[in-house]
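Q: This is what each chain is made of:
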Amino acid sequence: MAVKVVIPTPLRQYVGKRDAVEVQATTIGEALAHLTAEYGDLRRHLYTEDGRLRSFVNVYLNDEDIRFLQKEQTPLNANDVITIVPSIAGGCARRCICR
Amino acid sequence: MVLNLDPRPLEMIRQHGARDYPNECCGVLFGRAEGENKRVIEAVPLRNLRTDPEKAREVLPLEEPGRESERNRFLIDPREQLRAEKDARARGLDVVGYYHSHPDHPARPSNYDREHAWPWYSYVIVSVVRGEAKELTSWVLTEDRSRFGSEAIEVVG
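If you're matching them up, the sequences are chains A and B in order.
For the first sequence, the numbering used here begins at 1 and goes up steadily by one.
For the second sequence, the numbering used here begins at 1 and goes up steadily by one.
Hints were generated in silico from the structure; no laboratory data involved.
Check each hint, because a few of them may be wrong.
[To be verified] Simulated DEER-style distance windows between Cβ atoms:
| no. | chain 1 | residue 1 | chain 2 | residue 2 | range |
| --- | --- | --- | --- | --- | --- |
| 1 | A | Thr-26 | B | Ala-33 | 34 to 40 Å |
| 2 | B | Pro-22 | A | Gly-51 | 24 to 30 Å |
| 3 | A | Ala-78 | B | Glu-132 | 52 to 58 Å |
| 4 | B | Glu-34 | A | Met-1 | 38 to 44 Å |
| 5 | A | Glu-22 | B | Lys-86 | 18 to 24 Å |
| 6 | A | Asn-79 | B | Val-155 | 42 to 48 Å |
[Stated by the list, open to error] If you want a taste of the chain B side facing chain A, the calculated C-beta under 8 Å gives, among others:
| no. | residue |
| --- | --- |
| 7 | Tyr-21 |
| 8 | Phe-74 |
| 9 | Leu-82 |
| 10 | His-100 |
| 11 | His-102 |
| 12 | Asp-113 |
| 13 | Pro-119 |
| 14 | Glu-132 |
| 15 | Ile-153 |
| 16 | Val-156 |
[Claimed, not checked] In silico DMTMM-like pairs for lysine to aspartate or glutamate, Cα to Cα no more than 25 Å straight-line:
| no. | chain 1 | residue 1 | chain 2 | residue 2 |
| --- | --- | --- | --- | --- |
| 17 | A | Lys-17 | A | Asp-80 |
| 18 | A | Lys-17 | A | Asp-63 |
| 19 | A | Lys-71 | A | Glu-38 |
| 20 | B | Lys-86 | B | Glu-58 |
| 21 | B | Lys-86 | A | Asp-50 |
| 22 | A | Lys-17 | B | Glu-58 |
| 23 | A | Lys-71 | A | Asp-41 |
| 24 | B | Lys-134 | B | Glu-58 |
| 25 | A | Lys-4 | A | Asp-63 |
| 26 | A | Lys-4 | B | Asp-77 |
| 27 | A | Lys-71 | B | Glu-54 |
| 28 | A | Lys-4 | B | Glu-68 |
| 29 | B | Lys-86 | A | Asp-19 |
| 30 | A | Lys-71 | B | Glu-80 |
| 31 | B | Lys-86 | A | Glu-22 |
Keep in mind that this is a model prediction, so the values were computed, not measured.
The beta-carbon is built from N, C-alpha and C at its ideal position, and this holds for glycine as well.
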């Protein structure tokens, strides 16, 4: 079924500058897999190299954090809206990685 | 790439860094993308969720809890962030980046900053030494996520 995925501003450049993309899927995991299969450059920003969703990537299903639902197995209904929200985190350390 | 910063948000970031010392402060930058460059019109202070360890743990657990706290880590509540994005849009502005302070550390991004960064956003860092705001820098993550590139800051207006 068709669901809408809302793309955060910094990632819009990888989906043709659109703010939302429609995908066909029955679970959250499937929706994200289809999204990153179609838009390959998105993948490294959402998933780690070993294929896990990055810890600071929050996914909401109709305003509900999927961590409090069934995570990536959360089932979808037609017209659901998935929102990707980056956690903004950071902090200082001794080692700098600037150029 | 240049980050054009109005004097008011610049002063706001510096004051916030000094006020929250010795903790890290954080906030969001509202403005506009102008081609390759960005212009910051407003800096909005947000709460460092690391000052509430229980809530912070639900959002993003610490990697080394013994060595990490609100003094060397910041975290923005995703719900507060969503609210900020809506506020920006309602005023015809965009979220163009975020700022945070490095208490008693240089204004240089850490590996932890890089691992948690997103492309395109400007990451402004202010170094606060013994309670006084010092150097202020801006950084943009490279496409391959391998490092931060320095972004020139120009104070406008």
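Q: Please flag the earlier hints that this structure goes against, numbers listed from lowest up.
A: Per hint list: 2, 7, 14, 15, 16, 21, 22, 24 and 28 violated.
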